[in-house]
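Undergrad: Sequence:
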Amino acid sequence: MTGARRRWLYAAVAVLAVVLLVVVWSTIQTERGDDASKPVASTTPLAEQGVQGGTTVSPSNTLGGSEPASVPSPELDVGSGAGSPIDPWWRRVPPVAGDLIPIDRYAAGHVRITRTGEHLFVTIEDLRVASYDSEVSSVRVLLSEGAVAGVRRGYWTQQGDDEDLGTVPADVGTITFDIESPRGLPDEVRSVVLLDPDSGEILGGAALIPTD
Numbered sequence: 228m229t230g231a232r233r234r235w236l237y238a239a240v241a242v243l244a245v246v247l248l249v250v251v252w253s254t255i256q257t258e259r260g261d262d263a264s265k266p267v268a269s270t271t272p273l274a275e276q277g278v279q280g281g282t283t284v285s286p287s288n289t290l291g292g293s294e295p296a297s298v299p300s301p302e303l304d305v306g307s308g309a310g311s312p313i314d315p316w317w318r319r320v321p322p323v324a325g326d327l328i329p330i331d332r333y334a335a336g337h338v339r340i341t342r343t344g345e346h347l348f349v350t351i352e353d354l355r356v357a358s359y360d361s362e363v364s365s366v367r368v369l370l371s372e373g374a375v376a377g378v379r380r381g382y383w384t385q386q387g388d389d390e391d392l393g394t395v396p397a398d399v400g401t402i403t404f405d406i407e408s409p410r411g412l413p414d415e416v417r418s419v420v421l422l423d424p425d426s427g428e429i430l431g432g433a434a435l436i437p438t439d
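FYI, in the working numbering the residues of the sequence shown are 228 to 439.
Among these hints, one or two may not hold up.
[To be verified] Just the calculated beta-carbon pair ranges, DEER-fashion:
1. Asp414 to Thr350: 36 to 42 Å
2. Thr343 to Gly393: 36 to 42 Å
3. Arg410 to Ser361: 31 to 37 Å
4. Pro437 to Ser361: 33 to 39 Å
5. Ala357 to Ser311: 27 to 33 Å
6. Ile313 to Glu352: 18 to 24 Å
7. Ser408 to His337: 24 to 30 Å
Think of the hints as simulated: they come from the structure by calculation, not from any bench. For glycine and all other residues, C-beta sits at the position ideal for the given N, C-alpha and C.
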């Protein structure tokens with residue numbers, strides 16, 4: 228074989244090798260493109276995969292469902308004083324309490340109003356009353372919408388809407404009025420006021436403050 232033919236043979240082999248490499252490289256790239264275009268198997272909904280246009284998935288509850296777990300509504304304790312804003316005062320406000328202070332004459336003691344079910348309890352503890360010019364033998368007890376203000380001696384802003392609980396002996400000490408299913412009370416009871424039933428003098432009163 229002459230030198231010229233040998234050079235042509237080498238050149239042909241080189242070209243063939245280059246063509247073969249190009250064909251192989253093209254085949255590999257085509258296979259990779261096919262693999263990338265194939266869908267990925269998944270049991271996750273499109274919305275959870277973040278695909279644009281998917282709907283929002285609701286938070287799952289503890290059982291794995293798509294509905295949110297229900298939250299139980301708090302139960303109302305009828306004896307706690309909590310109630311609807313449209314309930315009467317005796318259902319939504321008590322317990323309340325306050326100390327008796329002198330007004331026109333003298334009164335001392337502690338007043339406490341609580342509720343259990345349909346019963347309203349008005350308790351006066353350590354009751355002491357006196358008048359300067361006459362003996363006080365009995366005491367008239369009012370639930371009043373008017374306010375009692377003062378510290379050592381106060382005054383009563385009578386508003387004409389009161390509930391008369393009755394008259395008790397002045398030396399009773401401690402007494403509790405049990406009112407079942409109260410009706411006719413003032414819209415807002417702000418004080419307990421003590422009167423001398425004989426003279427009509429205002430002995431004293433207590434401002435009622437909500438307590439725990």
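Undergrad: Run the structure past the numbered hints and jot down the numbers of the failing ones, going up.
TA: Going through the list in order, the structure violates hints 1, 2, 5, 6 and respects the others.
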